[in-house]
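Mind assembling these two chains? They're in different frames, but the hints should get you there.
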Amino acid sequence: MDGILGSVYQVVTAIILVYFFLINSLYLLFIFLSILKIFRYRNAMAYVSFKDIFQMPLVKPISIIAPAYNEEMGIIESTQSLLSLEYPLYEVIVVNDGSKDDTLKKLIKTFDLKKSKRVFRKMIETKPIKGIYISPSNPKLVVVDKVNGKKADAMNAGLNVSRYPLFCGIDSDSILEKESLLKMVRPFIEDPEKTVGAGGIVRLSNGCKVKSGQVVKVRLPRSPLARFQILEYLRAFLGGRIGLNLLKSTLIISGAFGVFRKDVALKCGGYRAASIGEDMDLVVRMRKYLHEKKIPFKLEFVPDPICWTEAPETLKSLSNQRNRWHRGLVETLYHSRKMLFNPRYGITGMFAMPFYLIFEMLGPIIEVMGYTIFTVLLIFGQYDQPFALLFFLLAVVFGILLSLLSILLEEYSARRYPRLKDIIIIIAYGLMENILYRQWLALVRARAFIDLALGKEEWGEMEKRGFAFDSQKQ
Amino acid sequence: MNTSLLIVTYSLIFLLGFSFLLFFYLIIRRIVVQHQENSFQKKYAEIEKDILDIVTFPDKNLAKKIAKKYRYYPYVLTRVLVNYIEQIEGLAREQLQKIFNIALKKKCLKDIHSKRQIKRLKATHLFVIFSDPSDMKHIVTLLNDKPIVKLVAITALSRIPSSQTLTYIFQSFVRDSIVNARVYINILFGLGSKIELHVRKYLHKSLSWEKLSLLIELVGAIPLRSLYQDILPFAEHPNKEIRIKVARALGHMRIPASLNILTNLSEDEAWEVSAQALKSLGKLGDIASLDVLSEALFSPFWHVRFNAGHGLASLGSTGMKQLKKIKRQKKDRFASDMATMVLDETILVGEA
Numbered sequence: 001m002d003g004i005l006g007s008v009y010q011v012v013t014a015i016i017l018v019y020f021f022l023i024n025s026l027y028l029l030f031i032f033l034s035i036l037k038i039f040r041y042r043n044a045m046a047y048v049s050f051k052d053i054f055q056m057p058l059v060k061p062i063s064i065i066a067p068a069y070n071e072e073m074g075i076i077e078s079t080q081s082l083l084s085l086e087y088p089l090y091e092v093i094v095v096n097d098g099s100k101d102d103t104l105k106k107l108i109k110t111f112d113l114k115k116s117k118r119v120f121r122k123m124i125e126t127k128p129i130k131g132i133y134i135s136p137s138n139p140k141l142v143v144v145d146k147v148n149g150k151k152a153d154a155m156n157a158g159l160n161v162s163r164y165p166l167f168c169g170i171d172s173d174s175i176l177e178k179e180s181l182l183k184m185v186r187p188f189i190e191d192p193e194k195t196v197g198a199g200g201i202v203r204l205s206n207g208c209k210v211k212s213g214q215v216v217k218v219r220l221p222r223s224p225l226a227r228f229q230i231l232e233y234l235r236a237f238l239g240g241r242i243g244l245n246l247l248k249s250t251l252i253i254s255g256a257f258g259v260f261r262k263d264v265a266l267k268c269g270g271y272r273a274a275s276i277g278e279d280m281d282l283v284v285r286m287r288k289y290l291h292e293k294k295i296p297f298k299l300e301f302v303p304d305p306i307c308w309t310e311a312p313e314t315l316k317s318l319s320n321q322r323n324r325w326h327r328g329l330v331e332t333l334y335h336s337r338k339m340l341f342n343p344r345y346g347i348t349g350m351f352a353m354p355f356y357l358i359f360e361m362l363g364p365i366i367e368v369m370g371y372t373i374f375t376v377l378l379i380f381g382q383y384d385q386p387f388a389l390l391f392f393l394l395a396v397v398f399g400i401l402l403s404l405l406s407i408l409l410e411e412y413s414a415r416r417y418p419r420l421k422d423i424i425i426i427i428a429y430g431l432m433e434n435i436l437y438r439q440w441l442a443l444v445r446a447r448a449f450i451d452l453a454l455g456k457e458e459w460g461e462m463e464k465r466g467f468a469f470d471s472q473k474q
Numbered sequence: 001m002n003t004s005l006l007i008v009t010y011s012l013i014f015l016l017g018f019s020f021l022l023f024f025y026l027i028i029r030r031i032v033v034q035h036q037e038n039s040f041q042k043k044y045a046e047i048e049k050d051i052l053d054i055v056t057f058p059d060k061n062l063a064k065k066i067a068k069k070y071r072y073y074p075y076v077l078t079r080v081l082v083n084y085i086e087q088i089e090g091l092a093r094e095q096l097q098k099i100f101n102i103a104l105k106k107k108c109l110k111d112i113h114s115k116r117q118i119k120r121l122k123a124t125h126l127f128v129i130f131s132d133p134s135d136m137k138h139i140v141t142l143l144n145d146k147p148i149v150k151l152v153a154i155t156a157l158s159r160i161p162s163s164q165t166l167t168y169i170f171q172s173f174v175r176d177s178i179v180n181a182r183v184y185i186n187i188l189f190g191l192g193s194k195i196e197l198h199v200r201k202y203l204h205k206s207l208s209w210e211k212l213s214l215l216i217e218l219v220g221a222i223p224l225r226s227l228y229q230d231i232l233p234f235a236e237h238p239n240k241e242i243r244i245k246v247a248r249a250l251g252h253m254r255i256p257a258s259l260n261i262l263t264n265l266s267e268d269e270a271w272e273v274s275a276q277a278l279k280s281l282g283k284l285g286d287i288a289s290l291d292v293l294s295e296a297l298f299s300p301f302w303h304v305r306f307n308a309g310h311g312l313a314s315l316g317s318t319g320m321k322q323l324k325k326i327k328r329q330k331k332d333r334f335a336s337d338m339a340t341m342v343l344d345e346t347i348l349v350g351e352a
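For the record, the sequence lines run as chains V and S. Going by this note's numbering, the first residue of the first sequence is number 1, and it counts up by one from there. Going by this note's numbering, the first residue of the second sequence is number 1, and it counts up by one from there.
These are computed hints drawn from the structure, not numbers from a lab. Some clues are possibly wrong.
[Claimed, not checked] Result set (DSBU-like, lysine-lysine): computed pairs, CA atoms no more than 30 Å apart in a straight line:
1. Lys327(S) <-> Lys117(V)
2. Lys146(S) <-> Lys294(V)
3. Lys183(V) <-> Lys316(V)
4. Lys178(V) <-> Lys49(S)
5. Lys262(V) <-> Lys37(V)
6. Lys248(V) <-> Lys327(S)
7. Lys330(S) <-> Lys130(V)
8. Lys127(V) <-> Lys109(V)
[What the hints assert, rightly or not] Computed Cβ-Cβ distance ranges for the label pairs, DEER-style:
9. Glu37(S) <-> Thr372(V): 48 to 56 Å
10. Lys130(V) <-> Gln87(S): 29 to 37 Å
11. Arg42(V) <-> Ile88(S): 22 to 30 Å
12. Lys68(S) <-> Arg163(V): 55 to 63 Å
13. Leu420(V) <-> Phe18(S): 47 to 55 Å
14. Glu86(V) <-> Ile13(S): 47 to 55 Å
15. Lys69(S) <-> Leu420(V): 31 to 39 Å
16. Leu431(V) <-> Lys107(S): 42 to 50 Å
17. Glu86(V) <-> Glu37(S): 33 to 41 Å
18. Glu295(S) <-> Lys130(V): 27 to 35 Å
[Unchecked claim] Away from chain V, derived, C-beta distances all over 12 Å, residues of chain S:
19. Ala92
20. Pro161
21. Ala270
22. Ile287
23. Gln329
In this text, a Cβ means the ideal position worked out from N, Cα and C, and glycines have one as well.
For reference, chain S alone in the conformation it holds in the complex (with noise of 0.2 Å):
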């Protein structure tokens, strides 16, 4: 026999046997997650019986009696809080929290400090769920792990709102890198006014321009009215990015006060600036800014005369009435054509 054949030979002799193994591997595997499966079913559908009783009249010693019963089967468990307690508020929820700190909390503790990601991740998404104010020390120190386990710890935080945990989160953002504050930004919007002051702090710290267009962009999508008149100076900012962030913001905000602002902005060097204070001043619907809008619709750029189409339909009958003027004219028929669609569109829809 050849050396090529006995190569070929052994090779094919191994890769048979490597191939036999992964078949029954495979069917074996399938067998047991099978009966893996049929066993959490049952084990799921007994948890969920108790925990439909404790919902249903909120008992602290059945609380206590529920964890005691089920500590054994955390994975079940755990499954089952987390699906009962993003859908129940108040009293039921305290009970299930209640379970959570007497059967799973230890064991998640333990694990934030594992040396595996893996099982600090899990264990941290836990404490998004079921966060207490007790366990601020212990996620506050994930603030210095990897990205992937930090961001979850931010948001486990963010779930704790005291002074306290938004300075930390605010800390934080400012050390972070660009990408991860996108995440932040995410992550504070569901505080919602609880970080009005800290904004504001922020907003006058010297930050690059994208962490602070990214503060303006929250004011605006919360929105923060109280904040409006921060981020007004922000509206003759160099960076082009950040006056599309503040007239975008000011849309949201819809004071009425802004209208000045708006129209400057609308006149912006940089289209995409005068587009977004545009459709803001569609949003305000002050009948005030009706011949901005109109004159607008003769812009040479597509967005411009878009926003300012649909921001004539936003103001109404006058609006409106303006948009057939301009539809019927010949002198532009780009402004004409983009008049006939918004029409066309505002009908349609209001028909349906």
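This is chain V alone, in the form it adopts within the complex (with noise of 0.2 Å):
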């Protein structure tokens, strides 16, 4: 290959080298930190009674708000999980964005709810609120009916609704642990000036048995999607996050699980209601309020507090959900673009939100790239045989890596899946990622931005299965 085509080749090769080593340098580098990190707390906390939490007078209570769309399949476990947490105050706020099916008529004949009359501070602009519910016999409980809107303002008219200083946003298809709450609110207990928000941990709840509202036996799925799912969160959670924690470059409090104060949230104005990704939006718009009015602030990633939630299990479901999170982070990243290298930002506009434009944005573009040329080049068969060859091997081991490491974490921090069989299964299940479902990743993503550009604003509908249904089949 010579003259120009040749110099391009060379060139592109050169930065998709460049690329391959930096990002996994990187994320080597968090899974190491992560390593340090859940040493650190496992050290920290044992003999700690996270129920003394209770009889602490300092400690602030929580608005739990779980935006809910078309969810009469699980909404009533999640509902139930939630309302038997052990907090020492709280209250759940369900809203109701709109559904077309019956999850609103589910929760008032399961919990007996009662129109009221409730008034409320409207601190930010919604979608009207048609009704708001209140259970007698659950005073905890709190169900807003509202005009659908996006996932953001649904949060928004919980916020509006809800009474306590600090809120905990959450998926109403997800679980939380019992004593997750209290596990979460440490950090605000022990500087409730500084932190601003705190995220745990998400895993996948296909295949578990749910019992009362609680995850009572922890088993793969059966489902091969499912399954590279739990690799991905693991690595994502356990590896990615709390290793960005440690560096202070938290740019993700997962929407399905995080803890904020409501009043910093309510200054940057809530969730911007056009937000794709309204998590990271939020996070990222609280830093930058709080970097402008040099405002010390911490966000904080605690590694065991749980939440459970549904994966998708088609391929249209992930498809759609991988997407629209590409898109939300396009988004986000261009909508706060004025952060980016920009030293009054700090460590959020030189290191955390470059890291995100360079290796989680453009990642499936330099990814479908590398394949692009690497076809094209077999086809011609101009391609430097045993290197390509070495050089794919390279990128698959390497990515075996990540996941041992990351399962790894998994042992030395939770160790939820009990028996020797699943971990051998997530192992396999490592290896046979990177045949197709990568590289399909990253097509998915790769057309968010075609899509972005399209202006696609559906978030595309997740056939839910629901709780019940994995637990009959235990």
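Rendered as structure tokens:
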């Protein structure tokens, strides 16, 4: 290959190589930092009883906000789970975001809800609220029925109705472990002035046995797609996010499980209704506000409060979900582009946002570009055969190594999969994900750029099976 | 073979080797951990059986025997003791303490002087659970340790409530940062009225407003009613946060004589103070506050209206009648809406 084409090929290959080296080095660094944090946390918590928090006078009450859209399959179990949490004082606000199914009817029937004349401060504009329901038998429960907006709009409606100084955003198809709020609130007790948010670990409930709103038996799902995702969640939460947190670069506290200070969130205008990735968007705007006002702050990631959530099990649902996540990432970074490489925003502007831009946002493009070049050269027989093959193998082995390290983190932290067989299966899926699954995901994420450019806004439906489904099969 | 090919080949060999090692480590570790867990469960059940015996029939000699029998299993023994001691009181608890003293204390005392912070921390945590007045001199040495160890040491000291330990804790409270000071309040709260004299003394010292407000909060949270007169002067403190804390503390204390002070605070220039004072007036439940609470329902501030509404509801039938009256009036829609909501919530929850 000579001339301009040859030079282009060499430049692109060099970019891919450097990129490959940097991204993997960073992920390795995050994992080692995570191991450090998990060890430190595990030792610090030895012999600590979280129940002591019950007796502490300075524990702030929490409003749990769970937006629900067409969640009739799992809404009762997850609401029951939320109502049975161990925490001194909290309220559960389920926001029915204009569901077309029987979400509201089921809630009304199960919890004997009555329409309330509750008044609240409209601190953030939202789509109209049709009614607020309270349960005489469960005073902690409030159900808000509103006209359909997006998840961010539903969260804002919940924020308006909430009464407590901390709020916990949770997906209504998720289940929290009983002590999870007690564990999550520790950073707010230890440093209430600086701590503005805390995130916990999200795991997949597919395949697990759920009873009375609690996961009682952890098993692997039967669906191969869900099994691939187990590994992804381990890598993302135990590896990536804990490591990034140690570098003070947390930009994502999952919408499925995060606690925030309400006053700070409100000062930033709450969730941005137009955002696609509302969880990341809120954290980025909170950081922006706090940097601009020069207020010292902390965003903590606590390694053991666990939230169980249902993962998509069909290609279409998974593709919709990942496409939306990636559009959310691109849109949030674009919306806050002023912060990028801007020293005024400290580590957020100089490291966290550039990291997300270069490695998370552009990652799929570079990956797809690499595969495309490889395929084209393969077709034309123009590639350096041993080098390309070895490099591909190197990428695969590096991926496997990261997966193994994530499993090691799981073993050091919660060790929720009790059987050795489960660990071997997860490792096997770590090998298999390199064939087609990773490439397909890269394509799905890369397509998000096109969808965003075309102005695609819909969330995409996810087929819900509910927790009862998995429990019945045990 | 060119250089880049060599680099890739060696990297691949290294990563493959490392991955294989990690894979085998994971598998072997899991097998070992499972084996350890099984042994742990077995030993745990064995110790538990003996502990249940001693808990049921406390016997001085048996405690000694158990301690000697299991002293070579400190980890399992600690777990059993920790799990049982928190649920047991009286003579049986003393027996468990005795087992700890014979079998584990020596190691713990060694560990609190260890160079490794984690060892010190774990040992100090155990002193929180198995505190003994004779350990005070050892625990006090940890008050100059790193914050994480120091705060656990403070907790351990709080379990040995004597005038001397309280002096150590309060001295440390004054010296420490405001972030840690909050942890002290959580610890001191558990000591109840034992801290009364010390709190009185420190309320009259010149402390930062943050620490002062924490002490006032503590007075209300316990509550220490005998310190009523001591916190009253702070109702006129220039700092808004301190006035809020005074209003809250008075609400917790429920002393009828505080009606006038709370009424004055309900007219404070800061709405936050006013809202808190109204909430406390509601807790006081004195019918004399009816007019103040009714008037506050017409405040431009949501929180003030909210607390006034609930305050009226807590006055019983007279307050409910007043809420119904405000609900019917057309002059102020916000007051009417709030009254409607409070009535609605009170009736709905009352039905359950």
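We went through each hint and held it up to the structure:
At roughly 12 Å between alpha-carbon atoms, Lys327(S) and Lys117(V) fall within 30 Å of each other, so this suggested pair holds. In summary, the hint linking Lys146(S) to Lys294(V) is supported, as the alpha carbons are separated by about 28 Å, within the 30 Å threshold. Between Lys183(V) and Lys316(V) the CA atoms are separated by roughly 35 Å; this puts the pair beyond 30 Å, and the hint is violated. The suggested pairing of Lys178(V) with Lys49(S) holds, with an alpha-carbon distance near 29 Å, which does not exceed 30 Å.
Proximity of Lys262(V) to Lys37(V) is assessed by CA-CA distance (about 27 Å); at most 30 Å being required, the pair is judged to hold. Between the alpha carbons of Lys248(V) and Lys327(S) the distance comes to roughly 51 Å, so the proposed pair goes past 30 Å and is violated. A threshold of 30 Å between alpha carbons decides the hint, and for Lys330(S) with Lys130(V) the separation of about 23 Å falls inside it, so the pair holds. Using a Cα cut-off of 30 Å, the hinted pair Lys127(V) and Lys109(V) holds, with the two alpha carbons roughly 25 Å apart.
In this structure the supplied range 48 to 56 Å holds for Glu37(S) paired with Thr372(V), their Cβ-Cβ distance being about 49 Å. At about 49 Å, the beta-carbon gap between Lys130(V) and Gln87(S) misses the expected band of 29 to 37 Å. A hinted range of 22 to 30 Å holds for the C-beta pair Arg42(V) and Ile88(S), which are about 27 Å apart. For Lys68(S) and Arg163(V), the Cβ-Cβ distance of about 57 Å falls inside the hinted range of 55 to 63 Å, so the restraint holds.
Taken as a hint, the range 47 to 55 Å is violated for the pair Leu420(V) and Phe18(S), whose Cβ atoms sit roughly 22 Å apart. Look at Glu86(V) against Ile13(S): about 51 Å separates their beta carbons, and that is inside 47 to 55 Å. At about 33 Å, the CB distance of Lys69(S) to Leu420(V) agrees with the hint of 31 to 39 Å. Taken as a hint, the range 42 to 50 Å holds for the pair Leu431(V) and Lys107(S), whose Cβ atoms sit roughly 45 Å apart.
Here the CB-CB span from Glu86(V) to Glu37(S) is close to 25 Å, at odds with the stated 33 to 41 Å. Separation of Glu295(S) from Lys130(V) is about 33 Å and conforms to the stated range, judged on CB atoms against 27 to 35 Å. Here Ala92(S) stays apart from chain V, with its beta-carbon at least about 19 Å from theirs, past the 12 Å limit. Interface exclusion of Pro161(S) from chain V stands, the closest Cβ pair being 16 Å apart, more than 12 Å.
At roughly 16 Å, the least C-beta separation between Ala270(S) and chain V is larger than 12 Å, which holds for a residue marked as non-interface. No Cβ of chain V approaches the Cβ of Ile287(S) within 12 Å, the least distance being about 25 Å, so the stated non-interface status holds. With a least CB separation of 15 Å from chain V, Gln329(S) remains clear of the 12 Å interface cut-off, as annotated.
In the structure shown, a violation is registered for the earlier hints numbered 3, 6, 10, 13, 17, in ascending order.
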